[in-house]
Structure formats: C-alpha cells, structure tokens
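Visitor: I would like the entire structure built from these sequences, with the hints used as guidance.
One letter stands for each residue in the lines below.
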Amino acid sequence: MKLKSILVAGAALAMTATVANAATLEDVKASGELNCIVTTGLVGFAYTDANGRWNGFDVDFCRATAAAVLGDGEKVKFVPTTGKTRFTALSSGEGDILYRNTTVTMSRDADLKLTFLGVNYYDGQGFMVSKALGVTSAKQLNGASVCIQTGTTTELNLADYFRAQGMSYEPVPIETNEEARTNYLSGRCDVYTTDASGLAASRATFESPKDHILLPEIISKEPLGPAVRQGDDAWADATRWVLNALIEAEEFGITSANADEMAANPPNPTVARILGVEGNYGEMVGLDNQWALRAIKAVGNYGEIFDRNIGPNTEIGLERGLNALWTNGGILYAPPIR
Amino acid sequence: MSVASDTDSTPQRGGIMRLWYDSEARQVIIQIFTIAVLFALVFYLVRNAVINLDAIGKSLGFDFLFQPANYDINQSFLEYDSRSSNLKAAIVGLLNTFLVAGLGIFIATIVGFVMGVLRLSKNFLMNRLVYCYVEAMRNVPVLLWILLVHGFIVVNMPGPRQALGLGESFFFSNRGINMPSPLPEPLFWATAITFILGVIGAIVFKRYAKKIQDETGKILPVLYVSFGLIVVLPVIVYFITGAPLNWETPAMQGFNFQGGYVVKPELIALTLALALYTSAFIAETVRSGILAVNYGQTEAAGALGLRNNRTLQLVVIPQAMRVIVPPLTSQYLNLTKNSSLAIAIGYMDITATLGGITLNQTGREMECMILVMAIYLCISLAVSSFMNWYNNRIKLIER
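Residue numbers (our numbering), protein chains in the order written: chain A, 1 to 338; chain B, 339 to 737.
Hints in this document: simulated from the structure, not taken from any laboratory. Model, not experiment: these values are computed from the prediction. Among the hints, a few may not be true.
[What the hints assert, rightly or not] In silico DMTMM-like pairs for lysine to aspartate or glutamate, Cα to Cα no more than 25 angstroms straight-line:
(1) A/K297 with A/D109
(2) A/K113 with B/D401
(3) B/K396 with A/D237
(4) A/K297 with A/D49
(5) A/K113 with B/E703
(6) B/K396 with A/D109
(7) B/K396 with A/D232
(8) B/K396 with A/D49
(9) A/K75 with A/E33
(10) A/K84 with B/E473
(11) B/K675 with A/E179
(12) B/K396 with A/D27
(13) A/K113 with B/D392
(14) A/K75 with A/E304
(15) A/K139 with B/D419
(16) B/K396 with A/E26
(17) A/K84 with B/E705
(18) B/K733 with B/E637
(19) B/K396 with A/E94
(20) B/K675 with B/D360
(21) A/K297 with A/E261
(22) A/K84 with B/D419
(23) A/K221 with B/D419
(24) A/K297 with A/E74
(25) A/K113 with A/E304
(26) A/K84 with B/D401
(27) A/K113 with A/D27
(28) A/K131 with A/E179
(29) B/K396 with A/D72
(30) A/K29 with A/D160
(31) A/K84 with B/E703
(32) A/K113 with B/E705
Guide: Take a look at the structure:
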C-alpha cells in the first residue's frame, strides 16, 4: 500500500509543475524586494563603490522603481549579468526588471518575448582608439583588431559596418567591460567599440584618459531602455510610469529637494497629479498615490540622476545631447501623466 | 540465493503481497519501479520545460540555424563571413574545438609520457623537479592556468609594431605568432606524391621486415629505411624539380601583420594550459602503469640477455599500456570537455559560437544548449570508442 501512496505522491508532484508567474507586481510586493538586473560593472551606469554599495545611472532607476512599488529605494537586490546572460536572467524570473544598457530592438521585443518600457538613454555605437595610433576616422580602421562584447547589438552593427565599408578586421570577443579594459589597455586590440556612453565611462577609469579618443563616427542608433517579461501588463504599466514620472518631474521642475514642498503646495495641476495630490493615478497602476513622490525623493528626477552619475561634472563627463528634454532641444519626451 | 526455500517459509498472505516475499519477483518489482520513477522524472522535466516555454510564448524550432549569423569569427578554417548561417558558424566553432582538442591531446600525451618516465628516474634532482611540475599543474584549476597563460601573452608580449622577430619570417607579439605560409608551385605535386609513396613503402617494408624476423630471426634496419623513404627521397625529388615551393612571409601593414599564418594568443593559451594541465594527470597514469609491471619481468628480460632499452620497449611498456589506456581515455575526454573553457578568453569554439553568440542573438537557449550538449556527447563517445578499440588491441590475449 506504501508503494501506491508513493506513486500518487509522485504523480501529484508532476502535476504541480512550476509555471513562470505572470503576477510580478504581487510577487515583488509580497517578497518586499525588487530583483533588478544590471551590468556586472560599468562605471557611471551600474557599479559597486569602495564600500560595496551599488551606484550609477541604471542603479538609480532600479531604486526609484523600488521606492515607488515598495516604499523604500533600498529594497533592491541587484542581479549582475553579462551581455549574454541578461535576457535569460529576466525570462527565467531571476530578476523582475532589466536596467542594463540594453538596446531596444524589434527582435528582442517580439522574439525574445520582452516588453520594453521606454528609453532612458539615447545612445549610439562609437569607437575608442589610442591617440598614439594617429587614427582620426573609423574609415581608417581597415585590418584593425577590435574588442567587442559578445551577445550585444554592437557586435552585429560592427560586422555590418565593416562589411558595408569593405574593410576587414579581427574581432576579439570579450564578455565583460572589465575584460575589454584589460585587452584594450594591453594592446590585444587596437579599438574598443560599444555604446558611446559606455566608451566614455570606461575611459574615465583609465590611468590617463587623455591618451584615448572617441572617433567621430557613430555607426548606429542605440536606444537603451528597461525591459520586463512579456505578458505581464500590470507590472509593465507600473514600472513604465515610474520611468515616465521621473522624466516628467524634470520637465515640471520637481526635484528631490523640493518634492515635499511641491506636494504640500502644488504650483499647477500637472505637478499635483504627478505627486498624487490630485486624482488616483498611482492606484491605476496598482500602487498608491505617493508612488512618484517617493521615487523622486529617493533618487531625484531624470536630470538629477543624469548629472549625479554621468553628467558633465562627473569623471565620465557626458553631455545631455539627445538626452536633453524635448523642451531643451533633445528628444527626451515622456507621455503625460493624466 | 535459493528461491524455493523462501517461498516455503513465508507466512500466508493474500494476493499480490505474496510476490513481495519471492526474492526473484521482488527484484523484478524493484527494477520496474526504478524504471517507472526514472521515466516519471524525465517526463516531469520535459513537461515542465514545455509548459514554461509555452507560458512565455516561445516554441521549439531549429529554423534559426539556417538564418544569417550576422557576427564575425576571428579564426575559421572555412570560408565564413557575417552573412553565413548560424549552422555554418556552429561548424566553424566545432572545427575550432577539434583543433584545440586535437593539439591538446597530442601535446599532453607526449609531455605526459616523458614526465611519467622521468618521474621514475633514479636521478634525485630530475625526480623532484618532475614531482613539483606534476603537483603544481594538477592542483590548480585549469581555468586559472588558461587565464594565466593568456594574461601573460596579452600583457607581457610586445604589441605587433614591436614584435619580436625571428629572422624575417617569424614574429611573436601579443596578437600571437605570425609565420610564413607555403605557396606551392605546380611542380610541387611531384614531391607530395613521392612523400605519400614513401609512407606506403615504409609500411610495406615494416611488414616485410617483421615477416623476415619471424621466419629467420634476422633484424632488418626498419628505422633507417623508413627515414630514407619518407624524408630523404621527397627532399631529393623536391630539389630535382627545382624547389617548387615559395613562402609568403608576414609583413607589418597598418594595424596588424598581413600574409602568412597567424596562431592567435587565445589558441596558444588554451592549448598550452589544457595540454600541460592534462599532461600532469597522464604522467601519473604512466608512472602507475610502469610500476604495475612486476620487477621480476625486467629481471627475466635481463636474464634472457635483453639490453635496457629493449627491455623497456618489448617487455615493460606493452604490459604497462594495459594499465595506462583506460585512465588515459578519461584524461582525453576531460581535455576535450575542458576545452569549452575557451569562452573565458574568447576562443571561438562550439560553446562560444552556437552555445554563446548564436544562443544570445537568437534567444534560442533550449535548442542551442541541447545541440551543444549532443555535440559534446558525440565527440566524447567517438573518442572513447576509439580508445576502447585500441585497448582491445593491446590487451592481454588469453588462451
């Protein structure tokens, strides 16, 4: 009879096969922790400082999301991934949201079954070379050895670009930004290519950044944005509007310093809606009405996040460029919260 | 086990439970049950995968293999560019795996046998030095050796512009070793054919010599004749036809050396690290094999008047091989499988192409992993069936 009960138990086990859960918002709230997928280390975007604390542009968006959903920007567990492991980490449920310098593309959206939430950095692929080589244009790179991160869109753009120009090159495949740095600085490759923002960030960590230049050619569009698993609209809505709220906050002058004051005394109805004084926009996406207020207080608006991590006054020194608000000549444009 | 007495002494129980007290029936029941559990487990895993893939809206399919790969590979034995299919990228990767595994096994075997014999040397210094080599190599993870050798080449060797030259033909730099490549002229076929004929001739002569030795005991100079047929004869033909072979030497041009062959640092690092690491294990296998041959065998050979080298060659090694070959097979398999660590330094083997970039760019994790695993399984089974055939050939023939 024992035999029979074991068989029944085994069959029952087989029936309750785990299925990828489609209610991430509830899961995150229940566990009290947001698993945010970031890079293994790219100064300015996601890296651990001397005290072991995660910092950076992408990291701040993770914290803003945690502040909006869980009420505390510190309730984030960072999941560091390489260019190759990031999508598997997301679709297997190891992470809840991906903020990892990831280019929005059609095949990733449709075939890899991701849902992109928007764009948090408009980028393009560039080339970095040592000044000593005397190269001034990407068109002079025929025959060069090029360090390239595998599993990225830049890898494909590189092949297309050299092919279109009728030039040859030796690809030197590497996994992480740290490996690229070692190979590039030791001279294993002449050129390092990735998103221009990533090149600037890497260069800032070199001993003598001035000995290296970024070539003028930008060979691709790289709109970098966050993603979640496809088929979980509630979670996608909540996280998408956190990103939009941070961009709108900059447009309407809400900062981490004045957010409380503005909430108490909103200067106009738009600010009142963002900060949850008017309407119940937070509840519409399954959060409470102070969602955006908490996110802004935790990390500041888009402009503050940019300036603190990668802006002109940091070591990385990126200009706003395309990433300026549409009202300032850029293309950063968030749909209205109303 | 006596079956009959068991059934006699069992207490009377009704129906099916009687079977349980029959030891033969019990064994059958346990085996059926084990198989059932195994199948249930496999079924559970497959079903789980199918349900999960379905839940995220993915389906299994291998169409991606025939679509353009869109990425470049830096070492390829076939005509390959970024427009070639993912299948071709996988084949290029597979050939790179074969190359590194083949070279690694070749070097590891030679170094391992030499070290294993030296380990038994009566010379104290030699013995200790080899002991240190073996312990150092086999007690550090192979991944660290790979990274160390690669780091050494990439960081410590000069760049291509300051490459260390050996004459005007060989250049050593952190981009690898550049060497001349042969450019045969039409008449070169004469030399090639002479060489092939020489090899065939040597084989025929060796058989003939063995036959003569079996019949008359007379020993013919096989080594000298073979050398003459395989090396001297083709060289003579080569010069008679007017040395019809040119060499293309590498020359610095732009960023890199152009022309000739290049052995990339990734290949050097991976091959050396895998070969030396595995050679330490092979050395120990060889040592144990030689020690397993009873010393009485050597003494008996001495009593028959065989000299030391003939004793080793005709008495000790053939018997030692019987002990050496089975563990040697697993070392070869280990080396082949360890070659997948190539990914750590960016050597484009099958794991890096099909199991790496293709997987990532197409998002077909399940399909790519199944294929890569199946390929490694096939390679390993092929290696081990060859070694089993060899083992059968050399094993003790019992009458």
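Visitor: All the hints need checking, so say for each whether the structure fits it.
Guide: Results of checking the hints against the structure:
{"no.": "1", "hint": "A/K297 with A/D109", "in the structure": "violated, 31 angstroms"}
{"no.": "2", "hint": "A/K113 with B/D401", "in the structure": "holds, 17 angstroms"}
{"no.": "3", "hint": "B/K396 with A/D237", "in the structure": "holds, 22 angstroms"}
{"no.": "4", "hint": "A/K297 with A/D49", "in the structure": "holds, 22 angstroms"}
{"no.": "5", "hint": "A/K113 with B/E703", "in the structure": "holds, 13 angstroms"}
{"no.": "6", "hint": "B/K396 with A/D109", "in the structure": "holds, 13 angstroms"}
{"no.": "7", "hint": "B/K396 with A/D232", "in the structure": "holds, 15 angstroms"}
{"no.": "8", "hint": "B/K396 with A/D49", "in the structure": "violated, 39 angstroms"}
{"no.": "9", "hint": "A/K75 with A/E33", "in the structure": "holds, 5 angstroms"}
{"no.": "10", "hint": "A/K84 with B/E473", "in the structure": "violated, 36 angstroms"}
{"no.": "11", "hint": "B/K675 with A/E179", "in the structure": "holds, 24 angstroms"}
{"no.": "12", "hint": "B/K396 with A/D27", "in the structure": "holds, 23 angstroms"}
{"no.": "13", "hint": "A/K113 with B/D392", "in the structure": "holds, 11 angstroms"}
{"no.": "14", "hint": "A/K75 with A/E304", "in the structure": "holds, 21 angstroms"}
{"no.": "15", "hint": "A/K139 with B/D419", "in the structure": "holds, 20 angstroms"}
{"no.": "16", "hint": "B/K396 with A/E26", "in the structure": "holds, 24 angstroms"}
{"no.": "17", "hint": "A/K84 with B/E705", "in the structure": "holds, 16 angstroms"}
{"no.": "18", "hint": "B/K733 with B/E637", "in the structure": "holds, 22 angstroms"}
{"no.": "19", "hint": "B/K396 with A/E94", "in the structure": "holds, 18 angstroms"}
{"no.": "20", "hint": "B/K675 with B/D360", "in the structure": "violated, 46 angstroms"}
{"no.": "21", "hint": "A/K297 with A/E261", "in the structure": "holds, 11 angstroms"}
{"no.": "22", "hint": "A/K84 with B/D419", "in the structure": "holds, 21 angstroms"}
{"no.": "23", "hint": "A/K221 with B/D419", "in the structure": "holds, 23 angstroms"}
{"no.": "24", "hint": "A/K297 with A/E74", "in the structure": "holds, 12 angstroms"}
{"no.": "25", "hint": "A/K113 with A/E304", "in the structure": "violated, 32 angstroms"}
{"no.": "26", "hint": "A/K84 with B/D401", "in the structure": "holds, 21 angstroms"}
{"no.": "27", "hint": "A/K113 with A/D27", "in the structure": "holds, 20 angstroms"}
{"no.": "28", "hint": "A/K131 with A/E179", "in the structure": "holds, 21 angstroms"}
{"no.": "29", "hint": "B/K396 with A/D72", "in the structure": "violated, 35 angstroms"}
{"no.": "30", "hint": "A/K29 with A/D160", "in the structure": "violated, 44 angstroms"}
{"no.": "31", "hint": "A/K84 with B/E703", "in the structure": "holds, 11 angstroms"}
{"no.": "32", "hint": "A/K113 with B/E705", "in the structure": "holds, 16 angstroms"}
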